[in-house]
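Visitor: Listed below are the residues making up each chain.
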Amino acid sequence: MMTASILQDIWVAVAMGVIGAVVFAAIGLVSGTDETTTIAPLTLLVALLGVPPAGVFMFFMAGAISKHMTHAIPTALLGIPGDTMAVPLMDETVALRNLGVPHIALRKMVSGAIIAAFVAVPLAVAFAWLLAPYGSKITPYVPWLFLAAALLIAYLSAGRWAAVAALVPFVLIIVGLQAVTARYHVTLGVSYFLGIAVGPLVADLFSLLSPRGRQAMLRDEPRTFSLAPDVKGWGGYFPNPLKVLDRRQTNLTIGTAAISSATFFFSPVAMTVVLGEAVAARVHNAYHRLTTVIAARNGVTEATYIAEALIPLIAFGLPLSPVAAGPAAPLFNAPPRFTVHGADGQIHNLHTLMTPGAFLIYGLLAVVLAALIAYPLSMNYAHRAASFVARRLSHEAIIATFVGLVIVIGFWEGGVAGLLVVTTVGLVGGLMYRAFGLNTGVQFMGFYTAVLSVPALIKLFM
Amino acid sequence: MQTVKDRGPGAAAGASPRYAEVWGDTVDTAHLGWSVLIGAVVSFGAFELALRILQPLVAQAAMGRAYAMLVGLAGCLAAGAICARLFKPKRIVVEQEASDEGVRAELIARLVAEAGPLGSVQALPGYVVAEMKEVGLYDLFADAQARHAADGIALEHASSGGVA
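Chains as they are written, first to last, in my numbering: chain D, 52 to 513; chain L, 166 to 329.
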């Protein structure tokens with residue numbers, strides 16, 4: 052029966068969405084877990100295990116949205132950014148904490164995020180649908196598009212021209228590693244992604260081994276975290292986000308989320324800063340400005356993130372944005388299952404396996420799941436969760452898990468060669484990030500440049 | 166991201182423990198060494214063992230490897246759990262009783278000065294006033310505003326131009 056198989060697909064997709072929401076709601080509580088390092092490898096795993104396309108998509112979407120909600124907990128209650136996207140919100144969270152209302156900061160952030168997510172999914176799908184007719188026309192130019200995108204994203208990163216220049220040696224290293232492994236008939240993809248994602252950790256571990264590098268890392272005492280007091284200011288289990296935000300805040304959140312849903316090229320952090328300033332200029336009272344800006348900014352990071360994943364995926368099937376090249380990369384490229392063979396125009400990934408309508412429905416379903424799982428968790432159990440993670444989960448345990456991840460994925464993909472590539476790319480990428488601000492998004496584009504643009508360049512000049 | 170200041174190499178030279186900031190948080194270097202070892206051995210062991218057992222049983226080699234990877238990832242989590250048991254976090258967690266009144270008063274005075282006359286609490290719509298009263302901030306802001314107005318017009322001009 053046709054309908055039975057469709058129903059089965061939906062059940063699998065929902066089940067994967069629930070798993071993604073639960074897993075990443077938990078990961079979000081651990082501050083500093085970068086979205087790329089956690090979402091990319093687990094989504095990759097789900098893709099490689101043969102989960103149906105809608106299930107892979109739901110796992111990613113529900114996971115990313117849930118993590119975005121729960122990472123507001125360490126941001127608001129511990130005063131440390133939950134991940135890189137929370138950095139632009141630190142001024143407001145610290146001010147609200149000092150005013151004695153950290154719970155207000157958390158509630159406004161999470162409510163802004165959920166409203167923005169409901170706005171961003173349909174708008175991003177609509178925008179992608181408008182762009183889609185141009186998708187086939189750009190195929191011959193894909194190698195050059197990736198080259199241009201890599202240069203632009205590098206320039207927009209913290210490293211500016213240094214990041215643009217550092218791309219050249221970084222791309223060469225990848226080309227060289229590929230040539231070496233090819234001699235032993237090993238083709239690697241995932242190992243490069245994982246190496247880039249865990250680069251900062253690899254670089255830190257190497258530095259700690261060196262007597263010279265260690266000096267700068269030693270500390271006299273553990274870090275101090277001051278946990279904000281637990282204040283529950285509402286009844287019931289599921290506070291209505293539209294009541295947590297006032298009318299003005301809701302409108303400004305929807306407005307900025309709509310604007311950021313149409314932009315898929317800029318870094319979420321940059322969009323957040325710019326639109327946050329625009330909101331701040333419109334609200335004059337200091338308290339109201341803090342609470343409005345924090346809601347709008349967290350909404351913008353959510354909406355930009357969703358748009359940057361969805362628009363390139365639905366319109367082109369090519370990872371042409373920082374998010375698409377980073378945490379969402381396995382939706383585009385998970386060899387051997389999903390591939391982007393830009394040079395010969397053969398794309399085989401979620402872009403070809405799902406329709407825009409399916410993206411819309413499953414995308415909204417993912418937002419609903421995140422709203423049901425991560426939203427009440429952040430609203431009701433924030434204090435207990437933050438306290439548990441800070442007191443019970445040691446950083447050593449987190450590092451042990453990631454070291455294990457590197458070894459398993461490296462060996463799984465290419466045996467010893469895989470492990471060596473993860474380590475090499477991680478060390479070089481991590482050091483380049485630290486020294487020149489060549490962030491992971493730029494490095495992912497560097498990988499695509501090595502695979503897609505370099506052959507075209509060689510053809511042109513040789 | 167490194168918020169904790171390094172107070173020089175000499176200070177940490179004592180016997181044990183040796184704290185270091187790695188990947189954004191503090192660890193004990195000896196514990197970290199053991200954690201890396203445990204993470205590597207447990208996860209690799211789980212992967213390799215699963216591969217040897219599954220490879221003859223599963224028809225497609227690629228699927229066998231994918232399942233072995235899943236077992237390996239379970240090994241990663243197990244390694245994390247073992248290390249969480251063995252090594253306690255190196256964090257000082259201070260439970261804030263309430264916010265520091267002095268810091269709060271200073272912050273409110275600064276915020277009121279920065280916002281200028283446009284940001285006065287009288288200009289706010291009713292729902293914002295209600296929220297501020299609910300969290301107990303309305304009177305503090307109103308008082309700071311009155312004090313600020315009394316402080317003189319020249320001062321207000323100097324500070325409101327900057328940030329608002």
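Hints may be right or wrong, so weigh each one.
Some, not all, of what chain L presents toward chain D, calculated at C-beta under 8 Å [what the hints assert, rightly or not]:
id, residue
1, R183
2, W188
3, T194
4, H196
5, S200
6, V207
7, F212
8, L214
9, R256
10, V286
11, K298
12, V300
13, D304
14, A307
Hints in this document: simulated from the structure, not taken from any laboratory. The C-beta atom is built at its ideal place from N, Cα and C for all residues, glycine as well.
Visitor: Let me know if the C-beta of L:H196 comes in closer than 8 Å to any C-beta of chain D, holds or violated.
Guide: Because about 5 Å separates L:H196 from the closest Cβ in chain D, which is inside the 8 Å limit, the hint holds.
Visitor: A closest beta-carbon separation below 8 Å is what the hint needs, so does L:L214 meet it against chain D?
Guide: L:L214 check fails; min Cβ-Cβ to chain D is 12 Å, beyond 8 Å.
Visitor: L:A307 was flagged as interface toward chain D. Is the shortest Cβ-Cβ separation under 8 Å?
Guide: Violated. Min distance 11 Å.
Visitor: Against chain D, is L:V300 within 8 Å by beta-carbon distance?
Guide: Interface hint status for L:V300: holds (5 Å vs cutoff 8 Å).
Visitor: For the hint on L:T194, does the least C-beta distance to chain D fall short of 8 Å?
Guide: holds, 7 Å
Visitor: Double-check L:S200 for me: the hint is only fine if its C-beta lies closer than 8 Å to a C-beta in chain D.
Guide: holds, 4 Å
Visitor: Is the shortest C-beta separation between L:W188 and chain D less than 8 Å?
Guide: Where the cut-off is 8 Å and the nearest Cβ of chain D is about 5 Å from L:W188, the hint holds.
Visitor: Holds or violated: L:D304 as interface residue toward chain D, Cβ cutoff 8 Å?
Guide: Violated: closest Cβ of chain D sits about 12 Å from L:D304, beyond 8 Å.
Visitor: Classify the hint on L:V286 as holds or violated, based on whether any CB of chain D lies nearer than 8 Å to its CB.
Guide: Because about 7 Å separates L:V286 from the closest Cβ in chain D, which is inside the 8 Å limit, the hint holds.
Visitor: Does L:R183 meet its interface restraint, that is, does its C-beta lie within less than 8 Å of any C-beta in chain D?
Guide: holds, 7 Å
Visitor: Please check whether L:F212 passes as an interface residue: C-beta within 8 Å of a C-beta belonging to chain D.
Guide: The hint holds - L:F212 has a Cβ within 8 Å of chain D, the shortest such distance being about 5 Å.
Visitor: Would the hint on L:R256 stand, with a C-beta cut-off of 8 Å toward chain D?
Guide: holds, 5 Å
Going through the hint list in order, the structure does not satisfy hints 8, 11, 13 and 14.
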